[in-house]
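Hints given; two lone chains; assemble the complex.
Chains A and B supply the protein sequences, listed in that same order.
Each residue of the first sequence is one higher than the last, beginning at 6 in the numbering used here.
Each residue of the second sequence is one higher than the last, beginning at 625 in the numbering used here.
What the hints contain is simulated information worked out from the structure, not anything from laboratory work.
For every residue, glycine included, the Cβ atom is placed at its ideal position computed from N, Cα and C.
Do not rely on the hints blindly, as some may be mistaken.
[Claimed, not checked] Sample of chain A residues at the chain B side, in silico, Cβ under 10 Å:
| hint | residue |
| --- | --- |
| 1 | TYR12 |
| 2 | PRO25 |
| 3 | GLN29 |
| 4 | LEU33 |
| 5 | PHE35 |
| 6 | THR36 |
| 7 | VAL54 |
| 8 | PHE61 |
| 9 | GLY165 |
| 10 | TYR172 |
| 11 | ARG177 |
[What the hints assert, rightly or not] Quick list of simulated restraints, FRET-style, between CB atoms:
| hint | chain 1 | residue 1 | chain 2 | residue 2 | range |
| --- | --- | --- | --- | --- | --- |
| 12 | A | THR92 | B | GLU628 | 15 to 21 Å |
| 13 | A | ALA118 | B | GLU628 | 33 to 39 Å |
| 14 | B | GLU628 | A | VAL22 | 31 to 37 Å |
| 15 | A | SER31 | B | GLU628 | 16 to 22 Å |
| 16 | B | THR632 | A | GLU105 | 24 to 30 Å |
| 17 | B | MET625 | A | PRO124 | 29 to 35 Å |
| 18 | B | GLU628 | A | SER163 | 31 to 37 Å |
| 19 | B | GLU628 | A | LYS125 | 20 to 26 Å |
| 20 | B | THR632 | A | THR79 | 26 to 32 Å |
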Amino acid sequence: MALATVYFQEFNGEAGVEVPTSKQASPLQFTAIDSPDVEEVETAAHALVSPNAGVFRSYEKWLRVCVESLGDSTSISNLEVFVNGDTPNDGISVWVKTAEVYATPKVGGYASAGAMTAPKTNLFATSSDDPISLGAGPFEAAEDVGLYLVVQMEVLPSAGIGLTSSYSLVLRYDEE
Amino acid sequence: MRLEWHLTFGESEIFSVTIGENYPDFHYVSSRLPLQAATLIDLDIFHLSAETDDGILYTTLFPELTALHKVIRRIEQDFSSGITHIIPIVVYRLGKKKKLNYCFGYPDEPTKTLDRRFFRSEYGDD
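Excised from the complex, chain B in its bound form (with noise of 0.2 Å):
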């Protein structure tokens, strides 16, 4: 006899890093987030933000240290088309209330993606 089972999928999430496009002037901005989230203290996961002076224009958490390799991929990719001056990453060890100094930038060239030479961190570059 002929049978059928059925699998479900789909449902999947998806969200928007719309840096680039929407805020084309967005500038340096050395002020740094206060950490957040606090409901996830206590847990091994990191908050990245960019941020400019309109505000936080890109944050996500990630659980552990090799994903933000990851992330700044996506940024990378995101930022292309828009970019104009340095971007500063800042991330946080949520639990331990560490800022971690992680921070790259990106020169006045607006046609180019984000280098990861100017990545830089107490882990060493990128």
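Isolated chain A (complex conformation) (with noise of 0.2 Å):
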């Protein structure tokens, strides 16, 4: 039997020209750009700070899950994400909310403008017990469903300089 084909996209850009960008292969990097692009470290134009005072954001991220292909099945349903025991990193934390509609990512950086607009809950408090909840459906046909997930980093003073751990997504569903 082939399973579905299930994935994040990436979407970047203003709202009504947003571009959606496959997560399938690709790990999803905080930058201080609107883009999906992972940057090499070292050489990144576009890294975070660890700020003197305060705090610096990243932009967001806008993800929304892809069913490229139903495979065999009838239906996908009961998507939840969760992060599954990480713990980040000191004066690291990701903000995580749901949105029905997409929206032009929010710019990040020193001022509150550019931070993800409440309500918003802290991503690695989410667990397998406790999950995100993107939509119950059932999703019958191979298209983006569900909400749109939205993350952004936040980097404290207390942050060390370098790369960031990497930490797994988790993303749940029911297939029939």
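This is the structure we're talking about:
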């Protein structure tokens, strides 16, 4: 039986002309630019800043589940996401929320105007027992499905310089 | 059946801009940095630097002119706790070897952040 092909896409750009990019084989990297690209360490032109005071934020990342193919299945349902046991580096946090409609990503930076708007929760506080729902479905077509998942990294003065750790965001779903 | 798909995230680079706190006694330096990063010649990338007698305190690369405003916001924030004198900022457009003469300064008011009224460029005030 061929399973459905399901993964996240990242959306970038102004609302109405947003551009999807598959994250099926590419990690999600937080940067100071609205781009799905993964920049190389030490040459990154849009690295985040460990501030002397206050908070520095990445651009928001907007993700949505893409059902590329249903395979031999008829539907997927109960989309849920969570972080399973990872803990963030010192001075690092990632906020998350869901949205029904795409909006131009917040620009991050030092100003509060660049911060994700509430309500939002701590991504690292989620777990397999307390996931975030992206929609119950059922979703019965090969298309983008469910709510958008919006994430934004915050960097505090206590953050270390260099590369943050690699974490795993789990997308869980039922397939029939 | 219940399935999982995993997305790797993080692996994000963080750098430090520690001008105000680490160098509280910096003051105006009129000299300009030489053109650097020759490997970036022909790329449309700008090079921004702030310097003191102690040398380069802040340098960054950014790919488009509009990003200059964002860089300045970073510096405004990081200078806010320690600024005492005028700060020269020089922006080079690599590839054309042309100094765009961006500069802005700040009077002797250490408790305030940089005021964009002191930001001047051939493109006009910010």
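To see whether the hints hold, each was checked on the structure:
{"no.": "1", "hint": "TYR12", "in the structure": "holds (6 Å)"}
{"no.": "2", "hint": "PRO25", "in the structure": "violated (14 Å)"}
{"no.": "3", "hint": "GLN29", "in the structure": "holds (9 Å)"}
{"no.": "4", "hint": "LEU33", "in the structure": "holds (4 Å)"}
{"no.": "5", "hint": "PHE35", "in the structure": "holds (4 Å)"}
{"no.": "6", "hint": "THR36", "in the structure": "holds (7 Å)"}
{"no.": "7", "hint": "VAL54", "in the structure": "holds (5 Å)"}
{"no.": "8", "hint": "PHE61", "in the structure": "holds (8 Å)"}
{"no.": "9", "hint": "GLY165", "in the structure": "holds (7 Å)"}
{"no.": "10", "hint": "TYR172", "in the structure": "holds (4 Å)"}
{"no.": "11", "hint": "ARG177", "in the structure": "holds (5 Å)"}
{"no.": "12", "hint": "A:THR92 - B:GLU628: 15 to 21 Å", "in the structure": "holds (20 Å)"}
{"no.": "13", "hint": "A:ALA118 - B:GLU628: 33 to 39 Å", "in the structure": "holds (36 Å)"}
{"no.": "14", "hint": "B:GLU628 - A:VAL22: 31 to 37 Å", "in the structure": "holds (33 Å)"}
{"no.": "15", "hint": "A:SER31 - B:GLU628: 16 to 22 Å", "in the structure": "holds (18 Å)"}
{"no.": "16", "hint": "B:THR632 - A:GLU105: 24 to 30 Å", "in the structure": "holds (26 Å)"}
{"no.": "17", "hint": "B:MET625 - A:PRO124: 29 to 35 Å", "in the structure": "holds (32 Å)"}
{"no.": "18", "hint": "B:GLU628 - A:SER163: 31 to 37 Å", "in the structure": "holds (32 Å)"}
{"no.": "19", "hint": "B:GLU628 - A:LYS125: 20 to 26 Å", "in the structure": "holds (24 Å)"}
{"no.": "20", "hint": "B:THR632 - A:THR79: 26 to 32 Å", "in the structure": "holds (30 Å)"}
Of the numbered hints stated above, the single one contradicted by the structure is hint 2.
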